[in-house]
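Novice: Spelled out, the chains give:
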Amino acid sequence: MGGKRYQNLQGYSFLMPALIIIVVFTIVPIAYAFFMMFFKVDILSGSRSFVGLSNFEKLFQDPKFWASFENTFKYVLVVVPIQTIIAMALASILNSRIKFNRTFLTIMFIPTLTSSSAMTLIFMWLFNNNGLVVNMIGNLFGTKILFLSNPDLALTVIMIMNIFSTVPHFMIVYLSGLQDVPDSLYEAASIDGANRFKQFLYVTVPQLMPISFYVVTMGLVGCFQIFDQAFILSNGTGGPQNSTLTFSLYIYQLAFTSNDMGRATALAFILGLIIFTVTFIVNKLLKADKVNG
Amino acid sequence: MRKNNRFLKIVVYIFLVGYCLLTVAPFLWSILTSFKTTAEIAGGGTFFPETWSLKGYETIFKSQFLQWIRNSIFVALFTTVFNLIFNTMAGYALARIDFKGRQLLFSAMLLLIMIPSQVTMIPLYIVVSKIGLIDSHWSIIFTTMINIGYIFMMRQFFINFPRDVEEAATMDGLTRFGTFFRVVLPNAKAAIATQSVFIFMGVWNEFMKPLLFISSPDKYMLTQGLNAISKTYKNATQWDVIMAGALVSIIPIFILYIVMNKYFIAKNDQTAGIK
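Quick note, the sequences are listed as chains Z and D, same order.
Start counting the first sequence at 0; every next residue gets the next number (numbering that gives the first Met the number 0).
Start counting the second sequence at 0; every next residue gets the next number (numbering that gives the first Met the number 0).
One chain only, chain D, in its complex shape (with noise of 0.2 Å):
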């Protein structure tokens, strides 16, 4: 029994490296490949580079990059700070106050959730259109300052949150919005931080909104970038500068993951509703 479990201990650490291992490899060669000649990838070449080279790099900064990493940092730092202050309101609004039609609301926002994007995609396009926004950054922040799942999140956290703590700071003469921003955001900061850094997340690898909204090069998104810099790289088999721009497009997330670690993995965040 014991040899068989020292056994089964063993197998699963071999798997568990070797996912590691198939986790990280991807990523690996691309660092390779961007350090290549386009001439050494060209003629298929050897797993190291036999010349390094930093061209690919020098391309990708002289091309927009620069400006479309500028255009998704404003983009996303503006769409998480509306998401987390109006989706953390409604919350906790539909947590802690007892206004009529709360029940109603809740249960229609359940629905609406459950429609996929795609429904709203085209329609979406001629409100966004209509009211003159095609072609400007703030056609993707106010079409994703809301999340309905974050409200959720929020709601259920506010649920579990003591009163006390509040009844205190009213008792002090705050006012709701003041009881608000002063105690009970700043009590909520572990879940403003989670619903933080997947909404920067998620607005920094949207692809499809950018791709229906923006059509000026020079207002392009990141991952739009990218899309444009493999569709004039790729038939010169560039692969170095398409690699190069892939790795610095995830860096500033690989940052944020490396700092907030622990929000990243120890979410229970959108399940904690279905559980």
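For reference, chain Z alone in the conformation it holds in the complex (with noise of 0.2 Å):
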């Protein structure tokens, strides 16, 4: 039905909206970001000078950076291997033959349901000084554990929080998966002889290695960009002693407190290039762990 240019106008047509979108929202500003990065860019004056890599040089000669760079690797290390296996581990059981288990699977959500302000107003008060956290540790070992302003401690409290929060959205990603995988391959291991755990770690884990880079492809991009929980928890200043500063929340300092745009879009840059670089890398790692397993 209809000529070659009939199916071209239909197809621009019902694509229009999200292209203008996508043009005026994502393009330009990426565009923009290219250009921006290289000048001196004051957003109240309207200045802008060109400057080189200076924007480059100045970070890297920042210990705020230095700071922001070493807590969201920290952060990344810690929360995506341990979120991965929580949600892999839980799925698996909830997938067996469990009663009640779309009960569980209910309640469990719970957490992903809850908006990130809301999710850190809680833990702020579970984990501050006068919190319940803080006191049941007190109550049983005598000592009271000041999480919130001891820097060593702040952004655990985030750790937990997001490791809380996001299990449960990948758990029911595994469950999806899990469906996929044929029950013969289960039967034939406990014919072999494989107990539960044997079975989980030889039939289970291979099987779910596509969801499985999904899920830590996910985790890594969503830690990498960790901001809101850090800005909330922190009213936005990264302490106590720059200890919850992130990538993104010295992006926003930087061009927000500082008024320096140039700069925070030469940092937003770094970020997205290590983004990439590890995504890359971990893609290729787990394509080789399948080869072999």
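No wet-lab data here; the hints were simulated from the structure.
No false leads were slipped in.
Here are the simulated DMTMM-like pairs of lysine to aspartate or glutamate, each with C-alpha atoms no more than 20 Å apart in a straight line:
(1) 8(D) <-> 186(Z)
(2) 3(Z) <-> 166(D)
(3) 129(D) <-> 41(Z)
(4) 129(D) <-> 259(Z)
Note that the structure is a prediction, hence the values are computed from the model and not measured.
Reconstruct the complex from the two isolated chains, following the hints.
Specialist: In structure tokens:
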């Protein structure tokens, strides 16, 4: 039906709204970013001047940059493996013949529904100097651990919170992947004398490799971008002593507190590059693993 | 062997119940806190409130909280409706209409989805301010009304959608747009519902965009308002107020979760394209 030109016209008219929005609010900003990171931009006066690579040079000499670098990597290295393993384990438990699994699932999913801001406030109250967790540890061990004002522990609270609220989401992703694992594989394994744990290790884990790749990638991308929790918890400062200063939070501070949009964009570019590289490496590693296994 | 199995089963149930308790505990503690008096909270206090008080909720509703709820509902509804119409149209075109440049557009979108939002965050702020949308709710609606991830999901859906239904409609003399709105959309209800609940929840819970684009307190989105409330009441240890606010802000999503439960949990949305 219809000529080739008619098809083209139809195709583009269906896509038009999406294309306009993508061009104006994604492509133009990306192009703009490539240009901004070589300039000194002041949004208030509207002035800009070409500074070459000086934005990057300044960043590499900036102790706050290295603090945010360290915090973000620490965060990713702890959170991504833990949340992936817990999500996979919970999903395979729920997938085995468990009564009330729908009820368990419905309850477990609650943290994923909760906004990062409400969740952060709830966790701040739990780990506050007068909070439930602090008081409980105080009663059990006789020492008061002040999580939120201790630079060594503040980031840990954000890690726990993130694991708590992303595990259910990835658990559901794993569950839908588990539906595709054929029962015959488990039967064969149990005939070979493999117990439940060995079945998990030698059947479930390798079968779920493509899903794991998705979960790890999404986890990496999400964790590298961590912002809301760090912002609310530290009131936007990244404190105590820069211990919750993440890349995204520092980008925000550079742009809107220091009014240095050029340097903020340079940092965003570095973050983008890091995410691409790490995802690429992980992709290669997981694929290599799959071939060997 | 059988005995062993039974033991394993008990362990598994204990573990699951334990995890559920762990999940619910922070919320339960917040609910209890929201009904305590500030004096009791400051004094450490007991697990259950000694005197049940509604002071926290009263303070919340005397602030601009209701206005913030209205703002969030307005923005979330518009964003959801735009998303579901435009993502679905785009996904349909990419799956079903054979036009020039289709493959190229599809690959370009795949590439764009991989660029982290931080890269575009600051230039996006400048674009939005150039258009004159700063401090307007439309800044959030316009910048969020398309989601490439859900365009993929819909494309995947339409690739598996039976062609003969459409062909029958075309025979009956409907145009492509007519077929799309009268025949295709009603048949894609489940996919659209899944898309809608997650988009609505995404906008409702969004924190960074309101923080960047909205500055006057009466235009705050709920998440931003919560942050403001916590700043105001934290130092006076009025956690009853803060917890009341946090809990009220979750309620609409909870209602959605109860009503549309199967769309939240029976999802294999974004993985559909990956598998």
